[in-house]
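Quick note, the sequences are listed as chains F and W, same order.
Taking my numbering, the leading residue of the first sequence gets 5, the next gets one more, and so forth.
Taking my numbering, the leading residue of the second sequence gets 5, the next gets one more, and so forth.
Some clues are possibly wrong.
Same chains, same names: a pair is fine if it fits in one copy or spans any two.
With a straight-line Cα cutoff of 30 angstroms, these simulated DSS-like cross-link-like pairs (lysine-lysine) come out [as the list claims (entries may be wrong)]: (1) Lys63 / Lys175; (2) Lys175 / Lys392; (3) Lys162 / Lys279; (4) Lys416 / Lys159; (5) Lys231 / Lys63; (6) Lys159 / Lys250; (7) Lys63 / Lys109; (8) Lys175 / Lys279.
Think of the hints as simulated: they come from the structure by calculation, not from any bench.
Number of protein chains: 2
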Amino acid sequence: MMLLKHKLRAFVAGAAMLAAIPAVAQQNTYKSDSTVIRKFYDDALTSYESYENLRYLTKNIGARLSGSPQAAAAVEWSRQVMEKMGLDRVYLQEVMVPHWVRGDKEVGRILSGRNGSQEVNILALGSSVGTGAQGLSAQVIEVQNFEELEKLGKKKVKGKIVFFNRPFDNKHVHTMAAYGGAVDQRGGGPVAAAKLGAVGVLVRSMANDIQDVAHTGNTRYADDVEKIPAAAISTRGADELSAMLKSDPELKFYMRMTCETRPDVLSYNVIGEIKGFEKPDEIIVVGGHLDSWDVGEGAHDDGTGCVQSIEVLRLLKEQGIRPKRTVRAVMFMNEENGLRGGRKYAEEAKAKNEKHVAAIESDAGGFTPRGFGFDANDEQFAKIMGWKDLLAPYGLHEMNRGGGGADIGPLKGQNNVVLIGLRPDSQRYFDYHHTEIDTFETVSRREMQLGSAGMAALVYLISEHGLNGGSAKAGK
Amino acid sequence: MMLLKHKLRAFVAGAAMLAAIPAVAQQNTYKSDSTVIRKFYDDALTSYESYENLRYLTKNIGARLSGSPQAAAAVEWSRQVMEKMGLDRVYLQEVMVPHWVRGDKEVGRILSGRNGSQEVNILALGSSVGTGAQGLSAQVIEVQNFEELEKLGKKKVKGKIVFFNRPFDNKHVHTMAAYGGAVDQRGGGPVAAAKLGAVGVLVRSMANDIQDVAHTGNTRYADDVEKIPAAAISTRGADELSAMLKSDPELKFYMRMTCETRPDVLSYNVIGEIKGFEKPDEIIVVGGHLDSWDVGEGAHDDGTGCVQSIEVLRLLKEQGIRPKRTVRAVMFMNEENGLRGGRKYAEEAKAKNEKHVAAIESDAGGFTPRGFGFDANDEQFAKIMGWKDLLAPYGLHEMNRGGGGADIGPLKGQNNVVLIGLRPDSQRYFDYHHTEIDTFETVSRREMQLGSAGMAALVYLISEHGLNGGSAKAGK
Ligand SMILES: [Zn+2]
Ligand SMILES: [Zn+2]
Chain F
5 MMLLKHKLRA
15 FVAGAAMLAA
25 IPAVAQQNTY
35 KSDSTVIRKF
45 YDDALTSYES
55 YENLRYLTKN
65 IGARLSGSPQ
75 AAAAVEWSRQ
85 VMEKMGLDRV
95 YLQEVMVPHW
105 VRGDKEVGRI
115 LSGRNGSQEV
125 NILALGSSVG
135 TGAQGLSAQV
145 IEVQNFEELE
155 KLGKKKVKGK
165 IVFFNRPFDN
175 KHVHTMAAYG
185 GAVDQRGGGP
195 VAAAKLGAVG
205 VLVRSMANDI
215 QDVAHTGNTR
225 YADDVEKIPA
235 AAISTRGADE
245 LSAMLKSDPE
255 LKFYMRMTCE
265 TRPDVLSYNV
275 IGEIKGFEKP
285 DEIIVVGGHL
295 DSWDVGEGAH
305 DDGTGCVQSI
315 EVLRLLKEQG
325 IRPKRTVRAV
335 MFMNEENGLR
345 GGRKYAEEAK
355 AKNEKHVAAI
365 ESDAGGFTPR
375 GFGFDANDEQ
385 FAKIMGWKDL
395 LAPYGLHEMN
405 RGGGGADIGP
415 LKGQNNVVLI
425 GLRPDSQRYF
435 DYHHTEIDTF
445 ETVSRREMQL
455 GSAGMAALVY
465 LISEHGLNGG
475 SAKAGK
Chain W
5 MMLLKHKLRA
15 FVAGAAMLAA
25 IPAVAQQNTY
35 KSDSTVIRKF
45 YDDALTSYES
55 YENLRYLTKN
65 IGARLSGSPQ
75 AAAAVEWSRQ
85 VMEKMGLDRV
95 YLQEVMVPHW
105 VRGDKEVGRI
115 LSGRNGSQEV
125 NILALGSSVG
135 TGAQGLSAQV
145 IEVQNFEELE
155 KLGKKKVKGK
165 IVFFNRPFDN
175 KHVHTMAAYG
185 GAVDQRGGGP
195 VAAAKLGAVG
205 VLVRSMANDI
215 QDVAHTGNTR
225 YADDVEKIPA
235 AAISTRGADE
245 LSAMLKSDPE
255 LKFYMRMTCE
265 TRPDVLSYNV
275 IGEIKGFEKP
285 DEIIVVGGHL
295 DSWDVGEGAH
305 DDGTGCVQSI
315 EVLRLLKEQG
325 IRPKRTVRAV
335 MFMNEENGLR
345 GGRKYAEEAK
355 AKNEKHVAAI
365 ESDAGGFTPR
375 GFGFDANDEQ
385 FAKIMGWKDL
395 LAPYGLHEMN
405 RGGGGADIGP
415 LKGQNNVVLI
425 GLRPDSQRYF
435 DYHHTEIDTF
445 ETVSRREMQL
455 GSAGMAALVY
465 LISEHGLNGG
475 SAKAGK
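This is chain F alone, in the form it adopts within the complex:
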């Protein structure tokens, strides 16, 4: 198709003889592109280096919330890992990050005069204020959404704990869609509830299925609204609380959380770079976020994205490929509770007038990749679609518009940069996301490495052919 168009254009220009050259050259390039891509996969599927990196990051360093000693250790570790790779440049980018600490293990207890007392698993939401050491005890009012809450009004909400219990819509094949349909409760619950005089908030965990573990995640306050304590309750706990409320609407819930926000801390984005030999000023970013929540080990979220990004650089070097354009692996800091790293990276890019061609983020788990999502203009997207047949043999069938990622989002609008999100299989993501069970053991080496190789392939194609200015032969 593209070949045909190519020929046609050449014929129209009356350069019939010359037309054969780009066509053949393009064919050769394709043959060689496919060989390079095959090498990436061969290497990734037989290498243990990235998996061992993940083991170190998750097992030796562990959970690494922004501002924590573990986050600092992860910065230094990833800097060292990339230093040892003999890249053209490894550097840190300063960024001030929030420093929230969970404190003691939370206590959550249903207190029913009728049905007795029952412990349930809760986790303070990130950024939440604590309850004080005595904890907080109040009646519970259950709602499915903000409209329902508004209708209840101050009279029914005042002095109570608002329990947001709208579950994931499991009918969505892609679980991110289910998450998107429920996560407003976690982000906006505390402000909406406090406006009506509530004293606390419980949010049903962001999970597809019924589990004992609670899922933390960030929440937001507003300057002019009282900050009330907010916790995630496990889906099983939420179902139990909901059932008990039906038989005893007067029951109380006791929650104790000693979390607090401390002064901001100096931290860093960690960046490793291979300079492009033809267009060194054109930059392709591949990244993940180095911080994680403070429970579990931050394996799928987002240890895999970090070690995959480093792996992309390793694959390029190992296969002896000097990219035409500059390729950067970026470990962003503070995706989870502030996005300060992503913002800082984009600010500096703008200040330095750096030209980003594309940014790819892996932040949806280290599962078998199904494709990529592209935030691109029509011309760019058409060009990418020209590469479909090179990626389909590796199971990358879902090449759709939309996508990107939180950390790369702030780059949007700079020099027509294309923002790209790796799209792994999403079925298990919300089994682990933001929980104590997001551990190394849940990651399959091969699944993760298919993601590394897929990103390396896309980085290579963009580096070779560019993303702006017409056909796949943009580089000429």
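Keeping the supplied structure of chain F fixed, place chain W with the ligands upon it in accordance with the hints.
Using the frame of chain F, we list chain W with the ligands on its own:
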């Protein structure tokens, strides 16, 4: 494309007015097909019934090797489950099956004068003879393949344990290809080694990565060759043994296995059926195998295939769909060490002159499905390809030729039956396959249910439109 052909044919026949009718009708059918398929997915993704069936089969019944009490319990349980569903017919099909028992937990020990002794995990291969209670101790000769073994000859092999140590080729993106490239060692090792006078066989476990667990699986003997004991050794144990052999080629290996083959046992295929209302004599099978190896719980292999097959019938009934053709869920017995159930089913089908239109097997794990493989003629395959756009929204992109499954294989050649294999993501399959860690906990409800719904969709399309005789409107 198909529409175009349709129109063309009509025009050629000079029936221009009539031509519009099939075109529109086809479009309507498609709209309704897509609605039905969406309902299957909505139902499957929100239902826990099949997952609870799997829990019962794996946790309450457990491992169920042919001839074992657990296999008998699985027959009775699956019969009862289908009886309760109010199907048109539930019945058992008698089949005599082998009865091999593992006996005591195996002992495998490397005995090196230089490096001391070291235990490694081994599992007797299915059908293997035992070593006697005293066990067997002999020098080890390591080979990568049969050619290498042949070259060594009787002199170097006689009296030794042959250690087949060719690993999976991890470069294969699809792990079944890696399995296919290594499993000859497990099946053919004992006969090849015994012909040269070996006293025992160790086979590197059929796994992609380095693990402590050994992977069992069936092996074969020949009537005219001595039967020698054969075991799988964990991949980690294999690497250790290989390394120790390098520093001490004289080391011995001690293996003790008390496995034995007992007389055949009467068992059953379990079959549930919904009668077709338009062409009841045309049959579509969807199946898995009810037996499993005797270690672990037979969750991915093949508990998921069984409960998914039952789920297909439930989805049809629950969504109020009376299929045009007869749909049968078949739990085959004895796939793992004899295939007696699959053979018996095909024999009876032939004897009764049953007309099977298609048979779909799920026996590659309960992972997110990526597509189907089809053993079909050109016309049939073209017809199936006409349904691609109905299945792609659910991630079923890999619709390729080749496929089927072991249990449905014996049907091949009967009345142009199309043999179809569900193709789940293969990356984790050989982490669990034939091991003690193939347990319920490794199955994701959503991943498994995407397989159930995908099979229901395909069963429905075949039931509505048939697979023989031209266009997608074959039913008219
Ligand atoms: Zn993340
Ligand atoms: Zn099987």
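Of the hints stated earlier, which fail here? 3, 4, 5
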